[in-house]
Amino acid sequence: MQTPEPQQRDRSSTATDPGNGSGGLAETPTPVEVRVHADPALIPSVRAVAADLAARADFDLDAVSDLRMAVDEACSALVPLAREGGQLRCGFAMSDGRIDVICRVPVTGDATLRQDTFGWRVLTTLTDDAQVLDADPEWLGIHLRKQRLDP
Amino acid sequence: MATDDDLTAEDPLGVDVQRSNGASVIRLAGEIDMLTTPALRAKVNEELQGKPTVLVLDMLSVEFLGSSGLALLVEALDESRNRDVALRLVANSRPVSRPLQATGLTDLFALYPSVEAALAG
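Protein chains in written order, with this note's numbering: chain A, 395 to 545; chain B, 3 to 123.
Just so you know, these hints were derived from the structure itself, not from any lab.
The beta carbon of each residue, even a glycine, is placed where N, CA and C say it ideally should be.
Some hints could be false.
[Said to hold, decoys possible] What the simulated footprint calls covered on chain B by chain A, stretch by stretch (three residues with Cβ under 8 Å from a Cβ of chain A suffice, anywhere in the stretch; the number is not a length):
no., segment
1, 32–43
2, 60–71
3, 93–102
[Stated by the list, open to error] Which chain A residues face chain B? A few, computed with CB under 7 Å, are given here:
no., residue
4, Pro434
5, Asp456
6, Ser459
7, Asp460
8, Met463
9, Asp466
10, Ser470
11, Phe512
12, Gly513
13, Val516
14, Thr519
Generate coordinates for the entire structure from the input sequences, incorporating the hints supplied.
Given below as structure tokens:
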């Protein structure tokens, strides 16, 4: 399966079809991707990128804060589940006044993401859509969508 | 003057406690997330165990409040009621007020714009 060059990709199709690429969840092409060691100490950098992208996409300050918090929560939920030495990968796609975020980590067989936690409730409250991506046996992810509020 | 210099990369959350006349003020500066919450929880519990009349959490210099920090605030509120301590938050900026508002927690807490106002009640 070939991965198209970033500039050739239709950004909106990237955003509408996240995590379902034929390359599996590990390689999910987006215009912006941050890869860090799955280490809690590096989550502040990832959430800072999320906030920066939202601000540049003209999200209002409350929405920027919401996305920063949602991405923090997604990363905080995933990092403890990551395989030893694994990477946290967060891809960002901006289109049509919304941002799609796909965060994922490599996992071993039985890792599951609990959705009965306070953190997950916060995450769904702060975003327009939040889905667990668990179709790939080797990677576990979360897809977030935040819509810009246009007057 | 440059209080930001106190925050090093190794210590992303500054915690400073002052006690006087039965009141404890915990001044927080920096980011409250899964990394910094455990140390803060220990500090808050320590103050609650001292059973001050008032426990003020000064969050004016907090730059980020994640869900682990929100959960800690709710825990602290429950525990303060168990111990008959008046828990008061000082917050007037978006990094704290927005997470509280977005998660519907604002009304649970006694919020004040300054430490002086919180101590006065």
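Here's how the hints hold up against the structure:
1. 32–43: holds (count 4)
2. 60–71: holds (count 5)
3. 93–102: holds (count 4)
4. Pro434: Nearest chain B Cβ about 5 Å off; hint holds.
5. Asp456: Given a least distance of 6 Å, the restraint on Asp456 of chain A holds.
6. Ser459: holds (4 Å)
7. Asp460: Holds, about 6 Å.
8. Met463: Since chain B brings a Cβ to about 6 Å from Met463 of chain A, closer than 7 Å, the hint holds.
9. Asp466: holds (5 Å)
10. Ser470: Hint holds; Ser470 of chain A Cβ to chain B Cβ min 4 Å, cut 7 Å.
11. Phe512: Cβ of Phe512 of chain A sits 5 Å from chain B, so the hint holds.
12. Gly513: At 4 Å from the nearest chain B Cβ, Gly513 of chain A passes the 7 Å test, so the hint holds.
13. Val516: holds (4 Å)
14. Thr519: holds (6 Å)
Violated hints: none; the structure is consistent with every hint.
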